[in-house]
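K.L.:
Given chain A, put chains B, C and D in place with the hints provided.
So the protein sequences, as listed, match chains A, B, C and D.
Residues in the first sequence are numbered from 1 upward in steps of one, following my numbering.
Residues in the second sequence are numbered from 1 upward in steps of one, following my numbering.
Residues in the third sequence are numbered from 1 upward in steps of one, following my numbering.
Residues in the fourth sequence are numbered from 1 upward in steps of one, following my numbering.
Honestly, the hints are just simulated from the structure, not real lab data.
There may be inaccurate statements among the hints.
In this list, chains with the same sequence are indistinguishable; a pair is considered to hold if it fits within one copy or across any two.
[What the hints assert, rightly or not] Subject to a maximum C-alpha distance of 20 Å in a straight line, what follows is the list of computed EDC-like cross-link-like pairs (lysine to aspartate or glutamate):
id	residue 1	residue 2
1	K206	D227
2	K206	D41
3	K106	E247
4	K199	E228
5	K199	E209
Protein chains: 4
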Amino acid sequence: MRDLILHINCPDQRGIIAQFTGVLYDHGANVLNLEQHVEPDAKLFFMRIHADLSNMEISEDALHEILMAQVKKMNAKIQFYYPENRQKMAIFVTREAAPLYDLLIKHQSGELPCEIPCILSNHQDLKNTAKQFNIPFHHLPISPKTKPDQENAVREIIKKENIDLLVLARYMQILSSAFVTDYQGRIINIHHGFLPAFKGNNPYRKAWERGVKMIGATAHYVTADLDEGPIIEQDVVSVNHQHSVQEMIQAGRDIERRVLTSAVKAHLQHRIILDGQRTIIFHT
Amino acid sequence: MRDLILHINCPDQRGIIAQFTGVLYDHGANVLNLEQHVEPDAKLFFMRIHADLSNMEISEDALHEILMAQVKKMNAKIQFYYPENRQKMAIFVTREAAPLYDLLIKHQSGELPCEIPCILSNHQDLKNTAKQFNIPFHHLPISPKTKPDQENAVREIIKKENIDLLVLARYMQILSSAFVTDYQGRIINIHHGFLPAFKGNNPYRKAWERGVKMIGATAHYVTADLDEGPIIEQDVVSVNHQHSVQEMIQAGRDIERRVLTSAVKAHLQHRIILDGQRTIIFHT
Amino acid sequence: MRDLILHINCPDQRGIIAQFTGVLYDHGANVLNLEQHVEPDAKLFFMRIHADLSNMEISEDALHEILMAQVKKMNAKIQFYYPENRQKMAIFVTREAAPLYDLLIKHQSGELPCEIPCILSNHQDLKNTAKQFNIPFHHLPISPKTKPDQENAVREIIKKENIDLLVLARYMQILSSAFVTDYQGRIINIHHGFLPAFKGNNPYRKAWERGVKMIGATAHYVTADLDEGPIIEQDVVSVNHQHSVQEMIQAGRDIERRVLTSAVKAHLQHRIILDGQRTIIFHT
Amino acid sequence: MRDLILHINCPDQRGIIAQFTGVLYDHGANVLNLEQHVEPDAKLFFMRIHADLSNMEISEDALHEILMAQVKKMNAKIQFYYPENRQKMAIFVTREAAPLYDLLIKHQSGELPCEIPCILSNHQDLKNTAKQFNIPFHHLPISPKTKPDQENAVREIIKKENIDLLVLARYMQILSSAFVTDYQGRIINIHHGFLPAFKGNNPYRKAWERGVKMIGATAHYVTADLDEGPIIEQDVVSVNHQHSVQEMIQAGRDIERRVLTSAVKAHLQHRIILDGQRTIIFHT
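Same shape as in the complex, but just chain A (with noise of 0.2 Å):
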């Protein structure tokens, strides 16, 4: 099998799947998948199709001119992903170390599809985490002074190892806005809260002491307006006045890990599309 998945989206019209559909029906593409989504209010119309290649009566750049000569007539953007070029993933990380084990355990047991060259960190602390599954880690220490050259440090990182997505587990450092901009829609982080409540440090707290009876946790885009980017996923846990500030932390660490996971999963299976501040994520 050779699998293709677009990402279309365009001003709503008539027949945008019928002739999507029809054009790749038409030259032996077969779609397996197909999920559509209309915003009414703005009138905006966003598809996702997988389609499998293999039994294609045409080659796939002839395919590729038709569906832009289609996507042109639609003024509609495209993306083209094809699964089987496996993503390069960076991992990101302080001190804590939840959520860098799961995205770990999961990808050696092979539910996240992608590659990962390198995990890099402020911080020495989990070192071993990285070598208990042989991945390179890099310490890039970083202080007032030294913010500008880490960060240079880590864009050769990023360009050398071909870093397509980079995942900030439970990384405490503001990245700067020119970083943010330049890898748009690539940046993934883990916020400890449910945004839009509690941005900023030490949500645990600062929950604890508004007294809810819910903690959360989200996943979303980074963008230069800090835990202000696209929300991806969110999930909560009860909690109650027994908890303490550290059982909260100790309860929330279970929550998000599993949205980190999740949500770069759902990226990596190119299963999001952007739309403004708001995130489409397909099922399958």
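P.N.:
For chains B, C and D alone, kept in the frame of chain A given last:
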């Protein structure tokens, strides 16, 4: 707008989406939403299309004929549903008020697209609830001797009122096999337990004795095998050693009503396709 | 049985449980249930005791006196509640029917130990709902000019009916600081958002725009700071890109009513103790 | 601090709390936390007391003697646990890595108060996982013929390592009745299904075939009846028609590990009291 909802299922093959949406597009029917699902092992394809016919260039009869030709070609089955034809729903109850209230309140607020011509019961307890919402209440008491007669009386009401959907909202009577067979796929029951655990009577007591830490409810289509029909929706709520059987019943009530109303809504919106003992439930 | 519920809070110190239960045991009061909680940082102790006085060997006045001596010795605060004195609850509504219905249905089924002498509203929309359950409905319209007068009318009804608890079941008016202060700890509100996110108006629209993947509801005591009072209960429901604002509102309704009714029940059963901005909620 | 945890259960009667806390208070033992539960039908009383003995005025032996006298007077049973005596836990696995990893990670981060002297398996698959965390791995293969010998080898390791708790983290072997009886109340198993539904093998396949909308996991004490032991914790996750059996297995993994680790933690913290086939699980 003149809406049409299609349910199509057939052996999996190439070009199903392209050809059906092509037919609709060619004649001016606008696809508002399309969802499909493939069972890979059984190689079966299922699709729901929601289309707007208001700008069609041919008659509805002509469209019907063209679609039937396509259906025949693909060895498919098709169902046509017109949402503007409001379905008629009969609610069967015994003594428990919560699920009945929920259906009536959600119906009153416009969430359930149907008419409710009657409430049927083997007891008088909920007569006043029916009266609160001005819905005719039929008291049809039942005894081992009168069971066949009672079922005949039920059949007459269903026939007279042109009932499309029978909802058993904690109706504590077992319908005869003949009755169930005659209304196959049109009877929804709420079981106050997490099927397939705790079939039959007194599921809360059984759950208490077994010491479970969650209790659940299950909405399902009724088949001749008690509590074995295709499951539509399930939910659970946590319980602990402090819950008496009575408190489990109270906790379960909220789950039962929510699960039942949600399943009824999915049915009324033509979002459910049966696949043997499994249900495919589309989202929109 | 003659039941007494005690709330006791004091600086943490040795022997609190032993001494209070000792006093009760010594005079024939039988502890049915005891729950306690210590805030380790603030070194505060909180306890709820449910006792049966029916075999007491002294008068209730005598017991009261002995307990007050113990309270004084321990620098404690104590509250006495007698469950057989049913509380009186007033429900405030505007247009949204779901939480009102839930309170009335649960009251009718015996789950809420209180009387409901009146429903108050600034609109007429829910007059019929009140009538369905034979509860007096007071229509008290409000305008910027008449706000103080309206509040005075509300105060008169509360006084006349000896109201213990004011429940704002989607009452879309902000109460004056003076009013809130006068009924401190006796007003419960349901906010249709997951506090502290989405305070104020239109939380569902804000949630849609932010693209959250869960929406919530929060029941809390009302204080002078809008939506800042101590949280009693919260819950959430998952949403996705397919949910319109309207569908979020529908999904939220089930959560709102469940959370509000549950919070009201905890209050009526004297299971809530306030600890500053936090609530301690005992289970039994 | 010198901590003592007491489990006391006895026929319900007056003054249990007062008398036991009185004894402790009289001799300088400070109650940090007390939780109790009464089964009203069976008239049984259960209590967990967490006390600090560091300011005791008598010896621990003397306290023990006084408490035993009280126990005798009340026809009670008592257990003494000293948290500073860390328990020893053996983990049994076969091929599934997720629950093992979770126990090891939570142990490493300090959440599980125990030592892990060994991991036992009938296969070699998880040898490397044990090595990653530097825990001795015992490969004890099993065949119908060698089963008794293998169990004897297991018994020897348990004896040699002074194991207190045996955790079956997806150990795909059925222990003999004799073995289970000998370690009654000291073996915790994770069943990858929502008991009492889907007992035995392949619960995910059974769940898929039945078309359930939620799958679950159950941690329970092992008794001679397979999957019938007292339930400690359960949780579920929603699934739909899009989930293949394989995807159900993946979704279930997160639930299994969370439920097992949480049950193990409750046991290690002496928060579980058995009441026949039911478990009482205290919170602190």
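K.L.:
Mind listing which of the numbered hints don't hold for this structure, in increasing order?
P.N.:
none
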